[in-house]
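Engineer: Given next are the chains, with one letter for each unit.
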Amino acid sequence: MQNKILSVKDLDVKFNLRGRTLHAIRSLSVDVYRGETLAIVGESGSGKTVLNKNFIGLLDPNGFIDGGEILYYGNEKPVDLAKYKGEKDWLGFRGREISMILQDPMTSLNPLKTIGSQIAEAVKVHQSLAGDDLRKAVHELLREVGIDDPERRAKQYPHEFSGGMRQRVVIAIAIACQPKILICDEPTTALDVTIQAQILNLLKDLKKKLMLTIIFITHDLGVVANVADRVAVMYAGDIVEIGTAEEVFYDPRHPYTWALLSSLPQLGVKGEELYSIKGTPPNLFMPVVGDAFAPRNPQALEIDFLEEPPYFEISPTHKAKTWLLDPRSPKVEPPEYIKNIRGMGRR
Amino acid sequence: MPRLKNPAITSMEEEFTKRMAEEMTDEELFSFAEFDESQVERTGYSNYSYWRSTFQAFARRKSAMFFLSLVVLLVLFTFIQPMLPGQIDYFQVNNDPTSGLPYRNLRPGTEVTLTDGTQHRFLLGTNSIGQDLWANIWAGTRTSLFIGVTVALIEAFVGIVIGILWGYVRKLDFFFTELYNVLDNIPVTIVLILVAYILPAGVGTLILAMSLTGWIGMARFIRNFIIIIRDREYNLASRCLGTKTPKIIMKNLLPYLISIIMLRMALSIPANIGYEVFITYIGLGLPATIASLGNLINVGRQMMLSPSLRYQLVYPTIILSIVTISFYVSGNAFSDAADPKQHV
Amino acid sequence: MLLYVSKRLLRSLLTLFIILAIVFILLRQMPIEGYFANYDKLSKMQIESGLHQMGLDQPMPVQLGRMFKNLLQGDLGTSRIYRNNVPVTQILAPKIPISLKLGSLALLVSLIIGIPMGTLMARYKGKFFDHLGTGFVVFIQAVPAAVYYLFLQLYGTQLLGIKMLFNINDWKMWILPVFSMSLGNIAYYAMWLRRYMVDESTKDYVQLARIKGLSENNIMFSHIFRNAFVPMIQYLPTSFLNTVIGSIYIESLYSIPGMGGLLVDVIKRQDNTMVQAIVLLFATVGIIGLILGDMAMVVLDPRITLGHKKGGR
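Residue numbers (this note's numbering), protein chains in the order written: chain A, 1 to 347; chain B, 348 to 691; chain C, 692 to 1004.
One or more of the hints may lead you astray.
[As the list claims (entries may be wrong)] Straight-line Cα separation of at most 20 Å, EDC-like style, residue types lysine to aspartate or glutamate; simulated pairs:
{"#": "1", "chain 1": "A", "residue 1": "K204", "chain 2": "A", "residue 2": "E246"}
{"#": "2", "chain 1": "C", "residue 1": "K894", "chain 2": "A", "residue 2": "D60"}
{"#": "3", "chain 1": "C", "residue 1": "K698", "chain 2": "B", "residue 2": "E525"}
{"#": "4", "chain 1": "A", "residue 1": "K85", "chain 2": "C", "residue 2": "D861"}
{"#": "5", "chain 1": "A", "residue 1": "K155", "chain 2": "C", "residue 2": "D992"}
{"#": "6", "chain 1": "C", "residue 1": "K698", "chain 2": "B", "residue 2": "D531"}
{"#": "7", "chain 1": "C", "residue 1": "K894", "chain 2": "A", "residue 2": "E246"}
{"#": "8", "chain 1": "C", "residue 1": "K818", "chain 2": "A", "residue 2": "D60"}
{"#": "9", "chain 1": "B", "residue 1": "K409", "chain 2": "C", "residue 2": "D821"}
{"#": "10", "chain 1": "A", "residue 1": "K113", "chain 2": "C", "residue 2": "D992"}
{"#": "11", "chain 1": "C", "residue 1": "K816", "chain 2": "C", "residue 2": "D895"}
{"#": "12", "chain 1": "C", "residue 1": "K816", "chain 2": "B", "residue 2": "D683"}
{"#": "13", "chain 1": "A", "residue 1": "K88", "chain 2": "C", "residue 2": "E739"}
{"#": "14", "chain 1": "A", "residue 1": "K124", "chain 2": "C", "residue 2": "E907"}
[As the list claims (entries may be wrong)] Quick list of the computed label-pair ranges, beta carbon to beta carbon:
{"#": "15", "chain 1": "A", "residue 1": "F64", "chain 2": "B", "residue 2": "V529", "range": "52 to 58 Å"}
{"#": "16", "chain 1": "A", "residue 1": "K204", "chain 2": "B", "residue 2": "K409", "range": "51 to 57 Å"}
{"#": "17", "chain 1": "C", "residue 1": "L755", "chain 2": "A", "residue 2": "D149", "range": "53 to 59 Å"}
{"#": "18", "chain 1": "C", "residue 1": "S906", "chain 2": "B", "residue 2": "R407", "range": "32 to 38 Å"}
{"#": "19", "chain 1": "B", "residue 1": "I665", "chain 2": "C", "residue 2": "M751", "range": "46 to 52 Å"}
{"#": "20", "chain 1": "B", "residue 1": "L448", "chain 2": "C", "residue 2": "P752", "range": "58 to 64 Å"}
{"#": "21", "chain 1": "C", "residue 1": "L704", "chain 2": "B", "residue 2": "P634", "range": "37 to 43 Å"}
{"#": "22", "chain 1": "C", "residue 1": "K816", "chain 2": "A", "residue 2": "P327", "range": "52 to 58 Å"}
{"#": "23", "chain 1": "A", "residue 1": "T21", "chain 2": "C", "residue 2": "F912", "range": "30 to 36 Å"}
{"#": "24", "chain 1": "B", "residue 1": "R407", "chain 2": "C", "residue 2": "E724", "range": "56 to 62 Å"}
{"#": "25", "chain 1": "C", "residue 1": "L704", "chain 2": "A", "residue 2": "S128", "range": "49 to 55 Å"}
{"#": "26", "chain 1": "A", "residue 1": "P78", "chain 2": "B", "residue 2": "K409", "range": "43 to 49 Å"}
Note that these hints are calculated values from the structure, not bench results.
Note that the structure is a prediction, hence the values are computed from the model and not measured.
Backbone N, C-alpha and C define an ideal beta-carbon position, used for all residues, glycine too.
Please put together the full structure from these sequences, using the hints given.
Structural biologist: In structure tokens:
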């Protein structure tokens, strides 16, 4: 498993907005291993999507990488994606090495082009097929994502497809060039619960079949539990805790992870008010001092406001960025809910 | 113990925290900090005011500020101009005291003696019957602005009222939609020509002709907007919380609409000024006794072929263009600035 | 789809009918001088018998019915003042082809210039060309057409070394009128196409096209331009109308013997039947533009054929 395919080191991403600079990713480091499903969770605005857009060169024009590297080990020689500038570098990489599925299948497809032609475009980018061969490849892809009667369906327009069907088409487009990494940016958020499960199963099947590495962005922890091998918790542009799904779910260490898990409706106690995290994430136009979560953490330590915590290792696969893990820190009990899950884990 | 919770701090304060950290002992550092809920909410982007942000976004654009000041100055000046010393009434025909004949087509800047014995410099010269072109241009701008602004106000008022009714009262939807389908299909120019042809020439006729169709677009827009927003979740939420409908309109919807209303009004003014020029051009405009930019340009047009008299076309044109362009640009800039999406 | 098309068509015809009726009733409110060549010299008796002869003393519904009946038979009435006792159709017949030629040339030129202009402005958004184009659009939109038409005529004729008076057989003479008339539509197309393209380019499907690995130029043309162009069809009616309005100015400015110039003439001479006929024709042109726009939308946007209505709910 310890075969890295993507390695992010001290990545800083900033945005220029009306003369001010927003520090969206704050020297973040993370490794992605070949064949795993890494889930990145966090609130909206925590930088999940921005981080992943760097891997595919789709940062908004006012955003830029301000230091750090993104090493991609997909081929014999590693390449630093942080050094890719402009279209020339990215053409031939996007789609073929790393591909992506967007959140809303209703808007991801061009409403004025047939499904078939939109898939064909993706096939043609990296394979010089034409005529019947191309058509066959398109039908094959449609079949692969579980769409019946591809010959007829390929001629239809997106508005003739349901949301779940459209997401299948988007997946077909994403895997058309057999990418090594597939980034899924909340691929099920916009779908019905029953359809969600189908799409997740499809992704699992495809992962096995095509030996994909999947980076799964979501704020739905239920989905994470379903698909993820490892989980990274993001807050204010940095990963505050990372570990195997089991470790993060059953033995969370960062107060933010606690808060996040506590706000899960499934874990709430019937009759009691559901826990919610107070306040909003920090304003990233301003420099963050200390632990970014401290102002919202009722049990913050004095040092949380002054110095940024380093990663403390809990196990070789599990680490968290909180002063609570420092030997000098007082013992802080995780909230009731978290203890309950721990119990569930032992069972 | 002093502590800086809010990360919104200057570099000086940052420096200060660093020193603080160095001076504090481990024991102190690893003790619990007080949790202050009021501070929690301040971490985000909370101190937002719609109108202040709008103003700031507008003020950031230099060209917009330039044209806005131009609009203000022009409007002010058209009213101040007759009160300035040494101004001649625009309608007065200026005669040469020796010959008794009018000073026809005086070149700009010519200084002559008037019948009352005073010296007068005609800044922009005189027209073909000896009237002061300078005074005529400002009188014309006054008339044209009056027509333009009045029509814009009528359109906005009628359009908003009908649009709100149309959007909120479901029973009226069918009627207004059908009315819209008919009215919107009648070319504005045709209505202008018809009304101006049928009714006696005058400012009232022009205002009526222009406002007759102008409100439709506004009403339609307001209606669509209201329907979209009416069905939005947050309004559903306000309704469930028992907020009264008029309050929903005033508090939640109107700020969004204001940018578009302002834009429409700002764009309506130059368009109306243009319509006046058009109607005058085809011979249905204001009587020649009323100074208007349309009349001035129409008269100037007849002088166009002789280069020495071309100033009679050029000066009114310049003023007209400045007026219309300033309204147009500042209106656009305001609507950009008023868009909440621009307030980052 | 056929049902949809016929429904729209029927609706437009109904609208046209209502508009024509309104226009007719309005025009009938005009002073009756406009129906007689030498009104001042006529006695009261003569005027009354004249009105009777033309059927203008009958109740409005009767007059309206007759107007529609005549219209269906292609009879637009008889001119009294512009040319005494000549059928309007006979006066208009030689003028329509000229206006049609002028109008279609102007539309063609505005498409040829306006569409690349809008595309380039969107492609180089925020760059020099975009600012230049925006400046042009602002100028054309803000300054009344009458004003820049005049200056184009004045300096254009000098530049091309031609006379101001129009000569239908000299192709050089067509350049300025056609170009002037197209300016408004050029600005219109450029502005809207740019806006739609900028809007489209932020949509998710464009993002997905990038993820697929398509090149920026490919996306620009096969996705963004294509999709932005469809809503542009909505502006077809407006460009028709712009052309009509332009023709009123331009034809009288260059003394082109077309319909627009004629309208200005007959207004100045207060010939009611002529004004009525031309106004009706122009209103019809406007409606035809609308119908064409609708039909084009049906053909180009697959979503509409299923009965989805654009806008509203």
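Engineer: For each hint given before, does the structure comply? Return the numbers of the non-compliant ones in rising order.
Structural biologist: 4, 7 and 13
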